[in-house]
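Colleague: Single-letter residue listing:
Protein chains: 2
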Amino acid sequence: MTLRISERGRRMPASPIRKLMPLAEEAKRQGVRVYHLNIGQPDLETPASMRAKLASAPSIYAYSPSAGTADCLATLRGYYRRLGLELAEDEIIATTGGSEAILFAMMACANEGDEVLLPEPFYTNYVAFATMAGLRLVALRTRGEDGFHLPPLAEWEAALGPRTRLVVLCNPNNPTGTVYRRDELDALAEFCRRHGLFLVADEVYREFVYDGREATSVLGLPGCEEIAVVVDSLSKRYSACGIRLGCLATRNREVYGACLRMAQGRLSPPGLAQLVATGAAELGPEYTAGVVAEYEARRDVLFRGLGEIPGVFLRKPEGAFYFVARLPVEDGEDFAAWLLKEFRHEGATVMVAPAQGFYATPGLGHDEVRIAYVLKKDDLQAAVRILARAIPAYREARAPGAVGATRADR
Amino acid sequence: MTLRISERGRRMPASPIRKLMPLAEEAKRQGVRVYHLNIGQPDLETPASMRAKLASAPSIYAYSPSAGTADCLATLRGYYRRLGLELAEDEIIATTGGSEAILFAMMACANEGDEVLLPEPFYTNYVAFATMAGLRLVALRTRGEDGFHLPPLAEWEAALGPRTRLVVLCNPNNPTGTVYRRDELDALAEFCRRHGLFLVADEVYREFVYDGREATSVLGLPGCEEIAVVVDSLSKRYSACGIRLGCLATRNREVYGACLRMAQGRLSPPGLAQLVATGAAELGPEYTAGVVAEYEARRDVLFRGLGEIPGVFLRKPEGAFYFVARLPVEDGEDFAAWLLKEFRHEGATVMVAPAQGFYATPGLGHDEVRIAYVLKKDDLQAAVRILARAIPAYREARAPGAVGATRADR
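Chains as they are written, first to last, in our numbering: chain A, 1 to 410; chain B, 1 to 410.
It should be emphasised that the hints constitute simulated quantities derived from the structure, not laboratory data. Incorrect hints may appear among the rest.
If several chains are the same, the list does not tell them apart, and a pair holds so long as it fits within one copy or across any two.
Result set (DSS-like, lysine-lysine): computed pairs, CA atoms no more than 30 Å apart in a straight line [unchecked claim]:
(1) Lys28 with Lys53
(2) Lys341 with Lys19
(3) Lys376 with Lys53
(4) Lys377 with Lys316
(5) Lys376 with Lys341
(6) Lys341 with Lys53
Chain A with its partners taken away, still in its complex shape:
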């Protein structure tokens, strides 16, 4: 008998961000400095108050309750209380990163073969979770000219099908940096309520809003108790991506129950991560304010710098620490590979994430890249200088009739 893996196993997408990694590693082996604008791994230290908690680790690293330790849950609930969102003990579950929370939410809200509506471009790993959950993503296009804000309701209505079960919204948005306005959220929530859809909001970048904006949690929208499921993570908020701690919060009893039972299946969230998380309780508002000010300054460096490069289009990013920029190139993937393989300026190059991987609709995003601004300002300035030289050089190299105008191997 021949042995075949599952269809869903074959369909599982390779990470489009990570597949350029071998090229970056090869460049580094050659001594080239690579500025990583491709991933959202902040360079800020994990707060000392959180790291200090490891000193109190017990001598037996035991299972915790499936929903999280009492201390960890109290810290998470205290955080939400400061946002004005009271969550009962049985409305929040500590998860293994935001990743597990989104998988739990998808599985609790929809069955295999059901559909999810979401704006594109979207966080590319949603495809992985949807594939695991057997869900089909139905993407609604958003456009850079509109700052990637939500399409009008008529488009949502048109995308609705008999198997639509939920909407997934990342707010503030990865990859676009869009912060949805209250009126957009109210209209979307009303649409969900009218059609019996869950509204799953990935709010891991909640604090990262600029120019005086505020991010609205779906947990705070009136009349959304039944439909709202929040996916959250400590990764970005506290520069603690590697611990893998997030949470799922919902006031829907059935969704909570189903997610808790999934949590029981995997026994407990990571214990040392939960211990570290309790250290967040000691961080005052000045911690977040400082971090956000730093990211806002970084955004400004890139927005100003890239905006001055001829042919580059981007609206001012509103939140998170990403944006999607349109470049004067035909194929962002080829450009990203070329940067790593062929372009050097003062011994350095830049890695960007081609935006194709953030779209479900084939053909979209080919002339766009996602830029993350998680590096120090000096490094971002250096990256801008490199891109300002690289873009015209690439156009020249790829111009019809240019020497070596074949596309780089991918």
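For this one, chain A is given, so just place chain B on it according to the hints.
Modeller: Below, chain B without anything else, positioned relative to chain A:
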């Protein structure tokens, strides 16, 4: 519109082990000491060499590679090498506990609606992962009289259907304590090969084998390169359940690829856990030998003690740190609840796991309980003394015509 959660969300099973927990907590509130024979949380310290690694945690808790850090993977591969199993770098993935490894394996090997063959009683959380993966568990009964060894091949053949895709085997077995003999494994592997089935082996209790036995890994079975997928965990081996670190090992390229892509979706396994795991490289064979000798002695205390209680039936457990014992009771769940609610001996009682939850077939296991021997010998002896008194007392309380012979509320 009414909002309904998914069918699979509704079907997600509550943990049968954890649902008696409120009764245990209530007993403790009353000042009663509860000996936990119900869960596999060892009371041994996590090795100091592993805990010491936390001191070298970096100041940024960053994402790791999706398959695990180079150091963590080197430690895992070194461990397998000492077992005589050479694994290439791209044959092993660090996972968030064995739990994630089993979910990945199920999803990579089978599609929604496909079937899994496995002996029952089985580790109850397989139901949770199968429900998440949309798989149907088809259980083959094993019996205490046979030491819960595998049923004859004719029964496997009879259970086979057009949608059977894999066999899941836990070896050494939780909950039965059975260590499968080489001839059983060879026959089962041959059955899998003949019918094009994957053989997913949960080998997290590999070291815990007694009376000179050896546990055979399916990775070492000749001709099984394509079918063998091993699920492993550091939880029990190093008394480090809470860190949530395990691995998936396979030589099947497609299964590895699909699981790696799932791993990329969730970004990385827990970072502090991976750091702690590298400390295992400093543990010599005397560490494992000492731990196993301790568990063997604990097993002996319980096997001898329980075997002397009239009406109790069990064969000598061969491995892991559990066994399933038949008790002279009609309903193990009622008995377990009664122990927590009504029975006290010298201010203490015992918590056991009713075995019903470990069977897929309704009606099986009602007179059995799973016993874990992860407590110190003194505590186990105290637990035996309690059970020796509790079992006749329960029989008397539940005897027809006895005062208060109604079943306890559940």
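Colleague: Up to 30 Å between alpha-carbons, please classify Lys341 paired with Lys19: within, between, both or neither.
Modeller: within (14 Å within a copy, 57 Å between copies)
Colleague: Within a copy, between copies, both or neither: which one fits Lys377 and Lys316 at a CA-CA cutoff of 30 Å?
Modeller: For Lys377 and Lys316, the Cα distance is within 30 Å only inside one copy (17 Å; across copies 66 Å).
Colleague: I want to check one pair: Lys341 and Lys53. Are their C-alpha atoms no more than 30 Å apart within a copy, between two copies, both, or neither?
Modeller: Neither. Shortest intra-copy (43 Å) and inter-copy (37 Å) distances fail the 30 Å Cα cut-off.
Colleague: Taking 30 Å as the upper bound on the Cα-Cα distance, should Lys376 and Lys341 be classified as within, between, both, or neither?
Modeller: Classified as within; 24 Å inside a copy, 60 Å across copies.
Colleague: Give the relationship of Lys376 and Lys53 under a CA distance limit of 30 Å: within one copy only, between copies only, both, or neither.
Modeller: both (27 Å within a copy, 29 Å between copies)
Colleague: Using 30 Å as the alpha carbon limit, work out where Lys28 and Lys53 are close: within a copy, between copies, both or neither.
Modeller: For Lys28 and Lys53, the Cα distance is within 30 Å only across copies (28 Å; inside one copy 35 Å).
The structure does not agree with numbered hint 6 stated previously, though it agrees with all others.
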